[in-house]
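If you read the sequences in order, they're chains L and X.
As numbered in numbering that gives the first Met the number 0, residues 0 to 525 make up the first sequence, in order.
As numbered in numbering that gives the first Met the number 0, residues 0 to 31 make up the second sequence, in order.
Heads up, a few of these hints could be off.
[Said to hold, decoys possible] Partial selection, computed: residues in chain X whose CB lies under 7 Å from chain L: (1) N4; (2) T10; (3) A11; (4) A18; (5) L21; (6) I26.
[Claimed, not checked] Per label pair, the in silico range of CB-to-CB distance: (7) L:P110 with X:V16: 33 to 39 Å; (8) X:V16 with L:E68: 56 to 62 Å; (9) X:L27 with L:L182: 53 to 59 Å; (10) X:N4 with L:M322: 19 to 25 Å; (11) X:L27 with L:T520: 20 to 26 Å; (12) X:R6 with L:R66: 54 to 60 Å; (13) X:L27 with L:A446: 42 to 48 Å; (14) X:L27 with L:S284: 48 to 54 Å; (15) X:L17 with L:I37: 47 to 53 Å.
Hint data in this document are derived by calculation from the structure and do not stem from the laboratory.
We put the CB at the ideal spot given by N, CA and C, even for glycine.
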Amino acid sequence: MSDAAHAHDHDHGHHHPTGLMRWVTTTNHKDIGSLYLIFALVMLFSAGTMALMIRSELFEPGLQIFRPEFFNQLTTMHGLLMIFGVIMPAFSGFANWQVPLMLGAPDMAFPRMNNWAFWILPVAGFFLLGSFFLPGGAVAGGWTMYPPLFIQGGISYDLTILAVHIMGLSSIMGSINIITTILNMRAPGLTLMKMPLFVWTWLITAYLLIATMPVLAGAVTMLLTDRNFGTHFFNAAGGGDPVMFQHIFWFFAHPEVYILILPAFGIVSQIIPTFARKPLFGYASMVYATSSIAVLSFIVWAHHMFTTGMPVTGQLFFMFSTMLIAVPTGVKVFNWVATMWKGSMTFETPMLFAIAFVCLFTIGGFSGLVLAIAPVDIQLQDTYYVVAHFHYVLVSGALFSIFAGVYYWLPKWTGHMYNETMGKWHFWLSAIGMNITFFPMHFLGLAGMPRRIPDYSLQFTEFNQVATVGAFIFGFSQLIFLAIVLKAIKGGKPATAQVWEGATGLEWTVPSPAPYHTFATAPVVR
Amino acid sequence: MAASNFRKYRTAVLLAVLALGLFLYTILSGLH
Chain L
0 MSDAAHAHDH
10 DHGHHHPTGL
20 MRWVTTTNHK
30 DIGSLYLIFA
40 LVMLFSAGTM
50 ALMIRSELFE
60 PGLQIFRPEF
70 FNQLTTMHGL
80 LMIFGVIMPA
90 FSGFANWQVP
100 LMLGAPDMAF
110 PRMNNWAFWI
120 LPVAGFFLLG
130 SFFLPGGAVA
140 GGWTMYPPLF
150 IQGGISYDLT
160 ILAVHIMGLS
170 SIMGSINIIT
180 TILNMRAPGL
190 TLMKMPLFVW
200 TWLITAYLLI
210 ATMPVLAGAV
220 TMLLTDRNFG
230 THFFNAAGGG
240 DPVMFQHIFW
250 FFAHPEVYIL
260 ILPAFGIVSQ
270 IIPTFARKPL
280 FGYASMVYAT
290 SSIAVLSFIV
300 WAHHMFTTGM
310 PVTGQLFFMF
320 STMLIAVPTG
330 VKVFNWVATM
340 WKGSMTFETP
350 MLFAIAFVCL
360 FTIGGFSGLV
370 LAIAPVDIQL
380 QDTYYVVAHF
390 HYVLVSGALF
400 SIFAGVYYWL
410 PKWTGHMYNE
420 TMGKWHFWLS
430 AIGMNITFFP
440 MHFLGLAGMP
450 RRIPDYSLQF
460 TEFNQVATVG
470 AFIFGFSQLI
480 FLAIVLKAIK
490 GGKPATAQVW
500 EGATGLEWTV
510 PSPAPYHTFA
520 TAPVVR
Chain X
0 MAASNFRKYR
10 TAVLLAVLAL
20 GLFLYTILSG
30 LH
């Protein structure tokens, strides 16, 4: 009996749970992908609500709505949840759905570990959100968890450390699964240099995760022992060094920045060729550029620490190594533009978000170059310029690529086309709202407005009011996104297998919606 | 491709050992 036929018989021999237990016990990569995406959506609305609360307080100078300590909890939790609860799980959702489909593999390499990697995440999310209700409230020292503040707080700080451990474990298990799947389960003939770019970017991202998540786990473990077991890793009074935490933390957190953006590069590199109806320009250079960004990400961490008093030689090294990253990033932007050059382009919603990604992410990258210049950074450190910079990278970069990817693959996942008119409304309101929110923050930062403070001087009022209006436009337009996704799940125009005229790759050879089990027999790639 | 279980587990164990090693190295390097 062939392997495929055997798998078929085996499948029928099992009793499959239904209802809630189907989702709790599932080992199917498509189910787990959906769970990750649903979790990310719920967290997006939770952390997004916090963002709107922050912007409401900042609509006027003075303290109107929240106590300052609660405001600090909002900024901290908004950051932690958006990074660990939204962007990372959303990309894991894409990886679970798409990597096996793109490789012609029947599932991930370790389906049971895949189930665990997801189901410990909601526990961490519950701890983080639940810590608002503990004595003293949630953590308020910033998402970077710097000591000494993080050593001094109440019980919610311990709970946050536990949540970070859980989320790190989940990421490591997910990464082991992804790397093992990609290296061992590709369809015959699908060599590494023939893989879709989304798979390439996730392979490199997974290596970054394996290399950096244990470092974060080590750092928060030291925080935990400093808090509870009398060690003095970061406590200056006992001979420790709080700046050492910053070094260890940013050794994790700068590669983390690329963990949040490399899969976005992958998604955009799938979408632009489809809607330009041309193969991706410079495939090999895209792979090498992604790898270079990953390697360079390990030698730039101290550009987050120019004001800690490091020697000028150190400042120069980290300044120039940071600027070096602009080279492979520039290669990528060039390739996306060159792919569109003389293409037969159409502008469906995924393409609109992808083009916005290329334009707006480049603005975020450029302000990153400005911040990389050490003497400039010493002026701009902890101002709204930094807030503007990383929101251009993470909102119009990471989040827009997630929207683009959802619109692109939703017909494959649900079997129904989404409503294109509503999609365009979602795009334009998001793109305009996002720019109204974050562009004025560049000016606020250049004028000296500090971040993470609930009050500000009168001269900052107008730009803050503009930003708050933009934030509400951007925030409420996400309800359109929710409606579109729910509508497509419920029904709509049936999608064909190929869905998009210019789409190529193995995932478009299976019917829409993708059957529960795909590629029981491996396809052959030529 | 029906991947061999040996190759899959070898990849996974190597990656897990790498992760554990980095975790321990981070903490041990903090004991200066």
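Violated hints - listed by number, lowest first
Hints 1, 7, 8, 9, 10, 11, 14, 15 contradicted; others consistent.
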